[in-house]
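Trainee: Read off the chains here:
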Amino acid sequence: MKQFLDFEKPLADLQAKISELKDFSTERVDFTGDIKKLEKKADKLRKDIFSNLSRWQRTQLARHADRPYTLDYVDHIFTDWFEVHGDRNFRDDPALVCGFARFDGQPCCVIGHQKGRNTKQKVHRNFGMPNPEGYRKALRVMQMAEQFGLPIFTFVDTPGAFPGIGAEERGQAEAIARNLREMAMLKVPVIVTVTGEGGSGGALAIAVGNRVMMMEHSVYAVISPEGCAAILWSDGAKGPQAAEALKLTAPDVDSLDCVIDDVIPEPLGGAHCDHKAAAATLKSYLKKHLDELMAMTADELIEQRYDRFRKMTRISE
Amino acid sequence: MVWFKRKKAPVAPVEKKTVQMPEGVWTKCKNCQEIIYAKEIERNLNVCPKCDYHFRVSARERIDLVLDEGSFVEMDAAVRSVDFLDFKDSKKYKDRIKAAVKKAGDGDAVICGSGLLDGLPVMVAVFDFSFMGGSMGSVVGEKITRAIEKGLEAKAPVIIFSSSGGARMQESILSLMQMAKTSAALAKLKAAGIPFVSVLTDPTTGGVTASFAMLGDINMAEPRALIGFAGPRVIEQTIRQTLPEGFQRSEYLLEHGMVDMIVPRQEMKARLSQVLRIFTKS
Numbered sequence: 001m002k003q004f005l006d007f008e009k010p011l012a013d014l015q016a017k018i019s020e021l022k023d024f025s026t027e028r029v030d031f032t033g034d035i036k037k038l039e040k041k042a043d044k045l046r047k048d049i050f051s052n053l054s055r056w057q058r059t060q061l062a063r064h065a066d067r068p069y070t071l072d073y074v075d076h077i078f079t080d081w082f083e084v085h086g087d088r089n090f091r092d093d094p095a096l097v098c099g100f101a102r103f104d105g106q107p108c109c110v111i112g113h114q115k116g117r118n119t120k121q122k123v124h125r126n127f128g129m130p131n132p133e134g135y136r137k138a139l140r141v142m143q144m145a146e147q148f149g150l151p152i153f154t155f156v157d158t159p160g161a162f163p164g165i166g167a168e169e170r171g172q173a174e175a176i177a178r179n180l181r182e183m184a185m186l187k188v189p190v191i192v193t194v195t196g197e198g199g200s201g202g203a204l205a206i207a208v209g210n211r212v213m214m215m216e217h218s219v220y221a222v223i224s225p226e227g228c229a230a231i232l233w234s235d236g237a238k239g240p241q242a243a244e245a246l247k248l249t250a251p252d253v254d255s256l257d258c259v260i261d262d263v264i265p266e267p268l269g270g271a272h273c274d275h276k277a278a279a280a281t282l283k284s285y286l287k288k289h290l291d292e293l294m295a296m297t298a299d300e301l302i303e304q305r306y307d308r309f310r311k312m313t314r315i316s317e
Numbered sequence: 001m002v003w004f005k006r007k008k009a010p011v012a013p014v015e016k017k018t019v020q021m022p023e024g025v026w027t028k029c030k031n032c033q034e035i036i037y038a039k040e041i042e043r044n045l046n047v048c049p050k051c052d053y054h055f056r057v058s059a060r061e062r063i064d065l066v067l068d069e070g071s072f073v074e075m076d077a078a079v080r081s082v083d084f085l086d087f088k089d090s091k092k093y094k095d096r097i098k099a100a101v102k103k104a105g106d107g108d109a110v111i112c113g114s115g116l117l118d119g120l121p122v123m124v125a126v127f128d129f130s131f132m133g134g135s136m137g138s139v140v141g142e143k144i145t146r147a148i149e150k151g152l153e154a155k156a157p158v159i160i161f162s163s164s165g166g167a168r169m170q171e172s173i174l175s176l177m178q179m180a181k182t183s184a185a186l187a188k189l190k191a192a193g194i195p196f197v198s199v200l201t202d203p204t205t206g207g208v209t210a211s212f213a214m215l216g217d218i219n220m221a222e223p224r225a226l227i228g229f230a231g232p233r234v235i236e237q238t239i240r241q242t243l244p245e246g247f248q249r250s251e252y253l254l255e256h257g258m259v260d261m262i263v264p265r266q267e268m269k270a271r272l273s274q275v276l277r278i279f280t281k282s
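Protein chains in written order, with the working numbering: chain Z, 1 to 317; chain Y, 1 to 282.
Source of the hints: derived by calculation from the structure; they are not laboratory data. We put the beta carbon where it would ideally sit given N, CA and C, even for glycine. Among these hints, one or two may not hold up.
If the Cβ cut is set under 10 angstroms, some of the chain Z residues that face chain Y in the computed set are [to be verified]:
(1) Ala173
(2) Ile176
(3) Ala177
(4) Arg181
(5) Asp262
(6) Thr297
Please work from the sequences and hints to get the whole structure.
Mentor: Set out below in structure tokens:
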């Protein structure tokens with residue numbers, strides 16, 4: 001069943017009406033005129049809604065239950081995909097999927113957070129919140145990609161790294177920190193796309209790339225709006241206010257001019273309305289960046305990645 | 001029938017005696033609740049003489065504790081944070097910075113520079129928790145990165161004393177990026193074979209733990225310091241369980257293999273010197 005956010009509701013109702021009319025249409029009864037009128041109205045409504053999204057609404061879109069997840073993009077963008085499992089130390093973490101595939105024929109490595117759609121899957125995927133073993137698996141696979149000279153694509157979509165007792169015991173902080181350090185030295189191209197929620201360190205741990213892009217309705221911030229509200233206003237319900245303050249949307253992040261390279265446009269209504277179209281646009285961006293990076297030597301890639309993050313500073317002296 | 005009668009009127013309550021006691025002469029230890037003469041704690045390097053509880057110390061005090069007298073040369077003291085997002089909660093970030101600078105007398109939550117440790121040239125970065133909870137924004141990340149790069153250039157070991165609530169929310173995404181920036185600088189240091197010692201002090205959590213603070217060739221912790229990724233309150237709210245005794249304290253991290261050693265403040269300088277001399281050729 002399709003799910004709708006509050007602000008999508010008027011649009012959904014209108015679309016329901018249109019499809020009802022279509023169902024009623026027979027050869028004798030012709031609603032074409034009405035349908036056309038309603039469709040025009042729907043288009044206008046969609047444009048109105050999506051041109052005036054608040055930061056909180058964009059956050060909700062980034063978390064939309066029908067939004068494409070890593071494995072959806074894998075389906076649409078890559079061929080020859082096989083998943084690999086486990087960190088070789090503790091267990092396999094289903095919240096972070098890793099594997100190898102072909103991108104337009106080019107062998108490559110794919111890593112991404114994975115959320116679930118129904119309750120059972122959500123629990124299995126731990127709501128896309130990896131444990132340390134997830135990050136350690138990702139590092140193992142990235143270093144394998146380096147060994148075989150394969151470019152790495154990562155897809156970021158997590159509320160954050162899992163805050164639990166076991167995660168702390170097994171060194172959540174160390175696992176994230178190590179990834180940040182090791183990713184900085186990878187000798188192969190790393191292309192990062194924030195597809196949904198870019199939640200703090202849990203996102204960054206697979207996001208140290210030569211290129212970093214954000215989908216139009218994705219968000220990327222140092223803390224979730226709810227977490228920020230809980231700390232600053234002692235009230236987790238003030239998420240909408242915190243979202244405004246954190247300036248976490250793709251256009252916001254892009255306006256800093258140093259954190260991301262591109263904002264990838266989504267189909268009108270959001271990527272969840274048309275997975276295939278969203279994936280096709282994303283693919284064209286991935287292709288462009290991959291071509292540029294494949295022409296660089298290992299040393300150039302490391303240096304370019306270092307400089308990229310080195311420049312991320314706003315200070316006065 | 002009443003057997004005993006109170007003959008005297010009840011004694012009037014003693015009027016509350018006010019003792020004139022200047023502020024700050026006595027301190028109550030947060031751990032053992034003992035009331036202790038403040039000067040005695042200070043003499044004992046801000047460690048409780050009764051129970052060995054390590055009080056938080058300012059960055060300047062810590063520098064005095066570990067570096068040779070008069071050897072510290074500060075770098076980047078004039079660097080200041082900028083409110084580029086116009087961040088506002090109950091107060092504007094701009095005003096928070098101003099107030100913190102005024103209170104601390106320092107530009108931000110970390111002080112960096114070079115100095116001598118038992119005669120060995122080192123680069124140090126020391127957090128001050130009293131400056132906005134030691135939070136890491138652009139300035140902290142930049143100063144630490146420069147200190148590491150300076151260590152790389154001068155081939156001098158780097159020591160970072162962490163005490164931080166994590167990344168600074170008021171700089172949102174750029175705070176997060178400081179984690180990647182500082183860790184990348186450490187990658188270069190590692191490749192160059194220059195030692196990095198991370199000293200974790202109370203409290204070190206969030207984005208600071210999840211970047212350079214956990215990346216020491218040697219990770220040292222002060223006794224009973226709170227060290228973790230997620231704060232204890234967040235974990236309790238997430239899993240809805242009370243946390244085990246001693247959870248996320250230095251001793252717990254040692255037991256779980258996350259720090260190499262616990263070093264009391266009194267032994268810190270000697271231990272740093274011993275460790276660094278093993279890893280540097282001189």
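Trainee: Report holds or violated for the interface hint on Ala173 (chain Z), using the least CB-CB distance to chain Y and a cut-off of 10 angstroms.
Mentor: holds (4 angstroms)
Trainee: Thr297 (chain Z) was flagged as interface toward chain Y. Is the shortest Cβ-Cβ separation under 10 angstroms?
Mentor: Result: violated, 17 angstroms to nearest chain Y Cβ.
Trainee: Against chain Y, with CB atoms and a cut of 10 angstroms, does the hint on Ala177 (chain Z) hold up?
Mentor: holds (4 angstroms)
Trainee: Report holds or violated for the interface hint on Ile176 (chain Z), using the least CB-CB distance to chain Y and a cut-off of 10 angstroms.
Mentor: At 4 angstroms from the nearest chain Y Cβ, Ile176 (chain Z) passes the 10 angstroms test, so the hint holds.
Trainee: Would the hint on Arg181 (chain Z) stand, with a C-beta cut-off of 10 angstroms toward chain Y?
Mentor: At 4 angstroms from the nearest chain Y Cβ, Arg181 (chain Z) passes the 10 angstroms test, so the hint holds.
Trainee: Would the hint on Asp262 (chain Z) be counted as holding, given a Cβ-Cβ threshold of 10 angstroms to chain Y?
Mentor: Cβ of Asp262 (chain Z) sits 16 angstroms from chain Y, so the hint is violated.
In summary, the numbered hints that this structure violates are 5, 6.
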